[in-house]
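> The residues making up each chain are set out below.
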Amino acid sequence: MSFSTFVTDKTGLQKLYEAIISKHETYAPVEKFGKYDYKKVSSLKECDPDSPIAMTMSVKPLFFPRASKIMKYEANSSGTTIMETDEDPLAGKRVVLGVKHCDARGLQVLEAVNKWDYIDSDFLKRRANTVIFSTRCDKADTHCFCTSLDYDLEKLDALDVAVVNGSDGKIYLQARTGKGDIFLKENSGQSTMYDVQNTMDDVRSTKYEEDMKKQYIAFTGSFRLKMDYKDVNEKMAKRFDSPAFEEASRNCVSCNTCAFICPTCHCFKISDEKIKDTGVRYKSYDSCNNVYFTLEAGGHNPRPAKFRRWRQRSMHKFVYYKERFGVNLCVGCGHCAISCPVNISIFDVVNHVANSPASS
Amino acid sequence: MDYSKQIQDIAAKLFADGKIDVFVGYRMNGFDDNQIPVVITDPKEVAELVFTEKSVFNLTNYLKADHTRGKRVGLVVKGCDSRSLNLLLTESQVKREKLYIIGIACEGVVDDKGQKMQNCVECIVPDAVVYDEMLGTPKGIRDYIVNADIIELAGKGLVERREYFEQIFENCIRCNACRHSCPLCYCAKCCIDQETATIYNGSNTSSSAFHALMTWSLHLAGRCVDCRNCEKACPSHLPLHLLHKQNEKVIYDNFQNHLAGVEEGDRGAFYKYSLKDPDDFIL
Amino acid sequence: MEEVKEKIVSIEKPDLIAPPDWKPVIVGILCNWCSYAGSDLTGTSRTQYPPNIRIIRVPCSSRVDPWFIIKALQTTADGVLISGCHPGDCHYISGNYYARRRFLVTRELLKMVGFHEHRVQFSWVSAAEGSKFAQVVKKVTEDVIKLGPLHLYKKENFSK
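Protein chains in written order, with the numbering used here: chain R, 1 to 360; chain L, 1001 to 1283; chain Z, 2001 to 2160.
Just so you know, these hints were derived from the structure itself, not from any lab. You can trust all of the hints, since none of them are fake.
Distance condition first, Cα-Cα at most 20 Å in a straight line; then the derived EDC-like pairs of lysine to aspartate or glutamate:
hint : chain 1 : residue 1 : chain 2 : residue 2
1    : Z       : K2111     : L       : E1170
2    : R       : K283      : Z       : E2156
3    : Z       : K2111     : L       : D1279
4    : Z       : K2111     : L       : E1163
5    : R       : K306      : L       : D1042
6    : Z       : K2132     : L       : D1279
7    : R       : K10       : R       : D138
8    : Z       : K2154     : L       : D1193
9    : R       : K72       : Z       : E2156
10   : R       : K283      : L       : D1193
11   : Z       : K2111     : L       : E1160
12   : R       : K269      : Z       : E2156
13   : R       : K35       : L       : D1112
14   : R       : K40       : R       : E87
15   : R       : K23       : R       : D48
16   : L       : K1019     : L       : E1133
17   : L       : K1071     : L       : E1097
18   : R       : K179      : R       : D152
19   : L       : K1113     : R       : D141
20   : R       : K40       : L       : E1166
21   : R       : K226      : L       : D1032
22   : L       : K1005     : L       : E1053
23   : L       : K1064     : R       : E247
24   : R       : K32       : L       : D1149
25   : L       : K1249     : Z       : E2117
26   : Z       : K2154     : L       : E1170
27   : L       : K1064     : R       : E246
28   : R       : K69       : L       : D1193
29   : Z       : K2071     : R       : D272
With the rest of the complex left out, here is chain R (with noise of 0.2 Å):
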């Protein structure tokens, strides 16, 4: 099924960016001592909807809050009363900016697991009200590695809108999704932009499908890192007892930058917060790297050691996930080897266990 593809410029774009903003509940990087992180903005000075691969947070966040209010309670002498928190502040209809491809992948990952025993409604409700606006990346960062991953990245169906940079200054929106399709549709004629479909004779069309074609090739040929992840998911569910993960973890310092960066990781905890009688019950990100992740009430830690944390983790992601769900819980976006202190990647410690000797 093909969606329709619109052609504009530089200015087009800007144009049709500041319309979205002032019609739409728009949330884009916005860049804080050198960060960027998805905010809600009022205009189209306040953000970058380019922002720089290394330097950009996850968008996971908006779909799946660092820290959320379940209900409220109130404990008296004739029992305890639970009341619904407020309207959820992300469930309206949103856009969103300048998302990564990898990162919107994430949240495609994601829906299985919130899809799955429990159906978490307000992620799901979150993810159909939102239009992910998504720029192409022209080529890969030092630890990127999301073309070796399953996900069809000539197809891009995570995303809503995909804004891909052409030659000649030409830029075009492809919708990715049918959602992607009604919404741009909408809003075309808020700026200079035409549909290639209407405009273009079967010359123009054919350079536009080389020129696509040229670009994927060229993104995919600047990637420095490169992984076969079949093999990788076969591998590693041979090599539970390898030495490997003590070895591929040794420098870790256990801070959960990792989990918490990551577009995928969706590990919580649930915590209550209280004055005297009445309190709030919030659900919040934790980290299976945390030396107390798996503390019980009783004492006992299953995991005190660090490989026995790093090896859960990968695991989980390449074979368990995998297992269960059929997509590997890992996007290849690189983000947990930019935060690490000591630049750790999943994608060193995964090949290192893959390649070690199997346990018998």
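Starting from the known structure of chain R, fit chains L and Z onto it as the hints suggest.
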């Protein structure tokens, strides 16, 4: 400043003589010219060790129980690193006889972009203060330099400072990377991490970050050595040194020019007192 | 005659105006042997002092972790008062010497971060200084009234 060969030789000899189980040093990260820590158990890996002005991370972080508990460790320390090591020794977190310390007379390190780090420009104690072996020529302790950012902040008004720090606290994502990469944050269970409902700070607002960062810097006051491990680890690039340097300045000016970890047996500024400490602000 | 009251604004956030019936909440952390006994004396002497202070008793002023001050400011407190024995008179000999170091550093850090210096105040009040305690509480309460309500970094369930 290049001591790579010397360190490789020393580490090889330590392994050969059976004096250590583990060596903690630096190696190239494998994708650009920056360095990352490496924890070596196999003597064959000694050839990877390097030490130049790109050797930034404070390695004493690996002396915490989670990483090298009970093992005999050889490690490389610069001036600031050795001061945090001194504090760890005094606070009984490591045993001196289990360590072989290579001290460096440091000339300053550079960040990822090649610029000399601010704490090196303002460095007061460049030479290692505790060591078994010293590489380089010691230069001695320098005069105290007040952090440039603190001076700038002191010139701003109350509302301006409040607005600036609100930005910082709003951008903290409470990942706690700062605490975990700080060598002196070794508490088995951090006081603010208690899940007790009256203490827990679950909301992701600046209140939670204010609580965490302020408590953390006040618990580190008088012990922080300005190694910048915390800033390097922070995924939001927060300027955490502002809090620590402010405490350091107040302590230096008011408590007999105390600097954390310089003297042997030092336990930080809050573990001693003087009858001359100022208290004219007290009613 | 209608009294025209001047609007009180929160000094750290001048766009926040205090509601007309706002009364400050002062959290007082008093050491058991001197300051708490002193406040007891104030009471038995029937000396009036503002009722806005809520007192927490600790064994010694050195028990006060800077964390307590942060937590108080984060919850209901508009101002904090910490009081201990005079230097040299500490029941535990040297507790207040350690405490005054912590007090200075905490105060300066809070000032830098954007709190007015009168939000957190300290005093030495001995068990015989009933009238001094009343004066101190009066001073702190008046200072905090001028500063307005504290609205910085309050925990979500505590913002007014």
